[in-house]
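There are 2 protein chains.
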Amino acid sequence: MSENGSLRRGRPGYDQQGILEVAVAAFNQFGYDATSMGVLADRLGLSKSAIYHHFASKDEILERALDEALSGLEGVLDEADAARGRAADRLDHVLRGAVHVLVDKLPYVTLLLRVRGNTEVERSALERRRAFDRRVMALVTEARDEGSLRSDIDPRIVERLLFGMINSIVEWYRPGGKEDADRLADDVIAVALDGLRMPTSNRIEELLG
Amino acid sequence: MSENGSLRRGRPGYDQQGILEVAVAAFNQFGYDATSMGVLADRLGLSKSAIYHHFASKDEILERALDEALSGLEGVLDEADAARGRAADRLDHVLRGAVHVLVDKLPYVTLLLRVRGNTEVERSALERRRAFDRRVMALVTEARDEGSLRSDIDPRIVERLLFGMINSIVEWYRPGGKEDADRLADDVIAVALDGLRMPTSNRIEELLG
Numbered sequence: 007m008s009e010n011g012s013l014r015r016g017r018p019g020y021d022q023q024g025i026l027e028v029a030v031a032a033f034n035q036f037g038y039d040a041t042s043m044g045v046l047a048d049r050l051g052l053s054k055s056a057i058y059h060h061f062a063s064k065d066e067i068l069e070r071a072l073d074e075a076l077s078g079l080e081g082v083l084d085e086a087d088a089a090r091g092r093a094a095d096r097l098d099h100v101l102r103g104a105v106h107v108l109v110d111k112l113p114y115v116t117l118l119l120r121v122r123g124n125t126e127v128e129r130s131a132l133e134r135r136r137a138f139d140r141r142v143m144a145l146v147t148e149a150r151d152e153g154s155l156r157s158d159i160d161p162r163i164v165e166r167l168l169f170g171m172i173n174s175i176v177e178w179y180r181p182g183g184k185e186d187a188d189r190l191a192d193d194v195i196a197v198a199l200d201g202l203r204m205p206t207s208n209r210i211e212e213l214l215g
Numbered sequence: 007m008s009e010n011g012s013l014r015r016g017r018p019g020y021d022q023q024g025i026l027e028v029a030v031a032a033f034n035q036f037g038y039d040a041t042s043m044g045v046l047a048d049r050l051g052l053s054k055s056a057i058y059h060h061f062a063s064k065d066e067i068l069e070r071a072l073d074e075a076l077s078g079l080e081g082v083l084d085e086a087d088a089a090r091g092r093a094a095d096r097l098d099h100v101l102r103g104a105v106h107v108l109v110d111k112l113p114y115v116t117l118l119l120r121v122r123g124n125t126e127v128e129r130s131a132l133e134r135r136r137a138f139d140r141r142v143m144a145l146v147t148e149a150r151d152e153g154s155l156r157s158d159i160d161p162r163i164v165e166r167l168l169f170g171m172i173n174s175i176v177e178w179y180r181p182g183g184k185e186d187a188d189r190l191a192d193d194v195i196a197v198a199l200d201g202l203r204m205p206t207s208n209r210i211e212e213l214l215g
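Protein chains in written order, with this note's numbering: chain A, 7 to 215; chain B, 7 to 215.
If you're looking for bench data, these hints aren't it; they were derived computationally from the structure. Predicted, not measured: the structure shown is a model, and the values here were computed from it. The C-beta atom is built at its ideal place from N, Cα and C for all residues, glycine as well. Check the hints yourself; a few may be wrong.
To be verified - Stretch by stretch, here's where chain A covers chain B in the computed footprint (C-beta under 8 Å, at least three residues):
hint: 1; segment: 150 to 157
hint: 2; segment: 160 to 168
hint: 3; segment: 185 to 199
Claimed, not checked - Going by beta-carbon spacing under 8 Å, a handful of chain B positions derived as facing chain A:
hint: 4; residue: R70
hint: 5; residue: M171
hint: 6; residue: S174
hint: 7; residue: L202
Using the sequences plus the hints, can you model the full thing?
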């Protein structure tokens, strides 16, 4: 408090998290490569050496930013893994949780989804993303095998379609809009798990039979 | 045939469509801005003036490329609009058709999805895309109002989630893979309209009631 106060006397005080937020916004707006430490320093109203006090390099800022998104997603899976119950319910939980992470950490997830693997930091983030995808795929498989999900599906394709849908939310979602994260999560579940179509009576008989 | 033959004696002959294909591949690989007419000429093994024989400008190449994707998508909707029947069946048809356009015109749709509205040509393409989205949204609304789709959904959000899922296919689909377009369209319908989850007997009773 007093440290912040004294920093603010001169110029706006940024802690590590504050620098990270401004940097991620700049990376998303101009691209990571096009955003130099000089550009960041200008935006923050800090000297480059003040930034280096918090981060050893631009690469380290990117690493921290990607970790923010990835830890959020992995956290959802760890929670869900720990929970007991049917795989289908855990999948429901993971999809809802992923929507919440996306909404809560929108700029970080946006950055993660643009990573193409040009640097070691990016490749390592892509590897973590693939590991996450594999765990969700395993959960889809488990839910199918326990009889909760239809069996005529390829879990690999399903996982891609589900996260294609969830990830696309970053393209249009704006915080403070009329859709909150809970409502958005309900919509995703409505589309993905329960289906939009009202079953016909034929289909119901088929299912009952 | 003989014209092609005589062109091929010297260097590979490109008609307008051939130039378009090479240009779109380059735009997708390097970005539109970073791909100069000189770069294109090098890739094609043609002089710049040979390209200008077919296209007045790089902008015109982009316009033709985006039109290729947009006409494909609009064509699906025109077909479906013409067809009689329930709105839900027409929506099924439109979603399947969109998956086919995406697979058949993968590089063109990929380019379309990256358009951000930096030029007049890009803005006009975005406007056509929005008009397409509005027509699909109207179809979702109609299907809901006829009682075929669940009523606790916002057609605007549903349309975005559905096309978020469909568009994400460009990120991983590779032609000649084991998933053909028909199978992929079935998967999209399975996820989006019918739902992955096997209805519980409670849910079935609720629906029958």
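A quick look at each hint next to the structure:
Under a criterion of three residues with beta carbons nearer than 8 Å to beta carbons of chain A, the stated coverage of the segment 150 to 157 of chain B is upheld, 4 such residues being counted. Only residues whose beta carbon comes within less than 8 Å of a beta carbon in chain A count, and the segment 160 to 168 of chain B has 6; three or more means the coverage holds. Only residues whose beta carbon comes within less than 8 Å of a beta carbon in chain A count, and the segment 185 to 199 of chain B has 8; three or more means the coverage holds. For B/R70, the interface hint is violated, the least distance from its beta-carbon to any beta-carbon of chain A being 25 Å, above 8 Å.
Because the beta carbon of B/M171 sits about 4 Å from the nearest beta carbon in chain A, less than 8 Å, this interface hint is met. Satisfaction of the interface hint for B/S174 is found here, the shortest Cβ-Cβ separation to chain A being roughly 2 Å, below the 8 Å cut-off. The beta carbon of B/L202 comes within 5 Å of a beta carbon in chain A, closer than 8 Å, and the hint placing it at the interface holds.
In summary, the structure is inconsistent with hint 4 from the numbered list given earlier, while agreeing with all the others.
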